[in-house]
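Use these hints to put chain B onto chain A, whose structure you have.
Protein chains in written order, with numbering that gives the first Met the number 0: chain A, 0 to 269; chain B, 0 to 269.
There's no promise every hint is true.
Said to hold, decoys possible - Pairwise CB distance ranges, derived in the manner of DEER restraints:
id	chain 1	residue 1	chain 2	residue 2	range
1	B	Asp176	A	Ala197	33 to 43 Å
2	B	Thr59	A	Val122	40 to 50 Å
3	B	Asp176	A	Thr250	36 to 46 Å
4	A	Glu137	B	Gln226	33 to 43 Å
5	B	Phe77	A	Lys227	39 to 49 Å
As the list claims (entries may be wrong) - Taking lysine-lysine pairs in the DSS-like style, the calculated list, with each CA pair at most 25 Å apart, reads:
id	chain 1	residue 1	chain 2	residue 2
6	A	Lys85	A	Lys124
7	B	Lys50	B	Lys124
8	A	Lys201	B	Lys227
9	A	Lys50	A	Lys75
10	B	Lys85	A	Lys102
11	A	Lys85	A	Lys102
12	A	Lys124	A	Lys201
13	B	Lys50	A	Lys85
14	A	Lys227	A	Lys124
Said to hold, decoys possible - Far from chain A, by Cβ distances over 12 Å, these chain B residues were calculated:
id	residue
15	Gln26
16	Cys41
17	Asp53
18	Glu58
19	Thr59
20	Asp82
21	Asp86
22	Lys102
23	Val122
24	Asp202
25	Ser223
26	Ser231
27	Arg232
28	Ala245
No lab work stands behind these hints, which were simulated from the structure alone. Beta carbons: idealized from backbone N, C-alpha and C, even for Gly.
Now for the letters of each chain:
2 protein chains.
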Amino acid sequence: MAGTNSSIAKAEGKTPLAPAIILVRPQLGQNIGMCARAMLNCGVTELRLVKPRDGWPSETAGAAGAGADDVLNNAKLFETTADAVKDLEFVLATTARNRGMVKEIYTAEAGTALIHQRNAGGVQKCGIMFGPERTGLENDDVALADAILNIPLNPGFSSLNLAQAVLLVSYSWLNNDNPFKEELYAESDITKFLGDSAPATKDEIGNLMTQLLGALDTSGFFRSPEQKPTISRNISNFFHRAGMTAQDVRTLHGVFASLIGKRRRGTGEE
Amino acid sequence: MAGTNSSIAKAEGKTPLAPAIILVRPQLGQNIGMCARAMLNCGVTELRLVKPRDGWPSETAGAAGAGADDVLNNAKLFETTADAVKDLEFVLATTARNRGMVKEIYTAEAGTALIHQRNAGGVQKCGIMFGPERTGLENDDVALADAILNIPLNPGFSSLNLAQAVLLVSYSWLNNDNPFKEELYAESDITKFLGDSAPATKDEIGNLMTQLLGALDTSGFFRSPEQKPTISRNISNFFHRAGMTAQDVRTLHGVFASLIGKRRRGTGEE
Chain A
0 MAGTNSSIAK AEGKTPLAPA IILVRPQLGQ NIGMCARAML NCGVTELRLV KPRDGWPSET
60 AGAAGAGADD VLNNAKLFET TADAVKDLEF VLATTARNRG MVKEIYTAEA GTALIHQRNA
120 GGVQKCGIMF GPERTGLEND DVALADAILN IPLNPGFSSL NLAQAVLLVS YSWLNNDNPF
180 KEELYAESDI TKFLGDSAPA TKDEIGNLMT QLLGALDTSG FFRSPEQKPT ISRNISNFFH
240 RAGMTAQDVR TLHGVFASLI GKRRRGTGEE
Chain B
0 MAGTNSSIAK AEGKTPLAPA IILVRPQLGQ NIGMCARAML NCGVTELRLV KPRDGWPSET
60 AGAAGAGADD VLNNAKLFET TADAVKDLEF VLATTARNRG MVKEIYTAEA GTALIHQRNA
120 GGVQKCGIMF GPERTGLEND DVALADAILN IPLNPGFSSL NLAQAVLLVS YSWLNNDNPF
180 KEELYAESDI TKFLGDSAPA TKDEIGNLMT QLLGALDTSG FFRSPEQKPT ISRNISNFFH
240 RAGMTAQDVR TLHGVFASLI GKRRRGTGEE
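Isolated chain A, as found in the complex (with noise of 0.2 Å):
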């Protein structure tokens, strides 16, 4: 669990505008406190609720989110719809169904990406609506949104939980333009982990075949002349391309050594 006190403060000062995510009439206040946690995740940080059913605030809210408090907290409350959105710009409504209405659909990649669009030609207040669990947003709700918002998933399985949706909707707009990668990963989406040691080089690798290959020629591994060129290169391409480190080496050079003596001693006490 990590420290809470200055999760949003931290997040705010990292990430671009976040969306506020409106959750419409929810249910359970664990719900609630799911996806206050899954927001938090992401970077994510003001909640709006309208209408929870079971009231407002809530102890099991508070449990399930796992520390994400300053969320659950800062949540602002809502009557109804239109108020919850009423100082927006621009707002989603996520549902899985068609709702037989004229309104843009956007994959939650899409969408998402079109709030930092436009929040990157002049800030702009957006929102993510999502509905109660089990029945979704109702249609008058759906009609207060620019477009709607659609994960797409398996169509023979796609129903989700209400923190899983809000999760993977706050991580799409979080995947779009993520500030919390550049801390681990300087340029790419690959990192390596060296720890101390430094990259072997071709050299040390080098002799390392060097002091290989002249113990297997002692000891007999090649069995005829004609075989080595191939099975050399064969080992010294494995190891090349293994990615080794200096210290990957120096252990390798003592694994040799130590195999050779043990060969050696045996070899003299026959």
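Frame of chain A, contents of chain B only:
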């Protein structure tokens, strides 16, 4: 809740070869069930379990699976992590912490993209490991993997529950090459920009609707009271999705005022 009996067949017919999801020493049956549900949401169907703490099969897993019975019933049980990955050719270990092990670290996006690439270049059996709740994978588990998978989240609050981690990784895999998307979205990246005017707020549009609906009441636009809710909603839906600017709203206020005036004058002249 979606249909289940044909859910695996449907997913397997549509999707590329999905990675096996390997849960190492999971504790709660409920979490295993929620993982199965998250997997099937994303068309990922092969579940492997290493020594689940509370035994297997599990009733609580079935209940939490919310219909992902095929995934749970087909789950394979193993005594050790080594056994569970024995037949795989490429394995990623999901972990948040730096293990002090020399190993490449991929984002969920990059790591799952690599699985697609490996499958495209000749089918390779791939897997993704997840550790137990709270403690995560042990170093001896991680050492069996080719590389590390990391989900880049808010570093001030990065703790995910097991099913949410499985969901984000499975969704990242699906989203890299999503066959389900094509059914829904011909062209999903539609953007609109607004020129010099600010976008209208929902409140400004709401005020415009109030003016218009009041005028339509007066003018006898609604032939019967039954019509009014549906027609009002359709009109409201149009104005809210139309991407109005503040200027558009001002213009339409003038347009409606003018129409009302004309009708009044017209009525007076009759």
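The hints, checked one at a time:
| no. | hint | in the structure |
| --- | --- | --- |
| 1 | Asp176/B with Ala197/A: 33 to 43 Å | holds, 37 Å |
| 2 | Thr59/B with Val122/A: 40 to 50 Å | holds, 46 Å |
| 3 | Asp176/B with Thr250/A: 36 to 46 Å | holds, 40 Å |
| 4 | Glu137/A with Gln226/B: 33 to 43 Å | violated, 19 Å |
| 5 | Phe77/B with Lys227/A: 39 to 49 Å | holds, 41 Å |
| 6 | Lys85/A with Lys124/A | holds, 11 Å |
| 7 | Lys50/B with Lys124/B | holds, 22 Å |
| 8 | Lys201/A with Lys227/B | violated, 80 Å |
| 9 | Lys50/A with Lys75/A | holds, 11 Å |
| 10 | Lys85/B with Lys102/A | violated, 50 Å |
| 11 | Lys85/A with Lys102/A | holds, 20 Å |
| 12 | Lys124/A with Lys201/A | violated, 55 Å |
| 13 | Lys50/B with Lys85/A | violated, 52 Å |
| 14 | Lys227/A with Lys124/A | violated, 70 Å |
| 15 | Gln26 | holds, 16 Å |
| 16 | Cys41 | violated, 6 Å |
| 17 | Asp53 | holds, 21 Å |
| 18 | Glu58 | holds, 19 Å |
| 19 | Thr59 | holds, 16 Å |
| 20 | Asp82 | holds, 24 Å |
| 21 | Asp86 | holds, 22 Å |
| 22 | Lys102 | violated, 6 Å |
| 23 | Val122 | holds, 21 Å |
| 24 | Asp202 | violated, 5 Å |
| 25 | Ser223 | holds, 20 Å |
| 26 | Ser231 | violated, 10 Å |
| 27 | Arg232 | violated, 5 Å |
| 28 | Ala245 | violated, 10 Å |
In this structure, the earlier hints numbered 4, 8, 10, 12, 13, 14, 16, 22, 24, 26, 27, 28 are contradicted, and the remaining ones agree with it.
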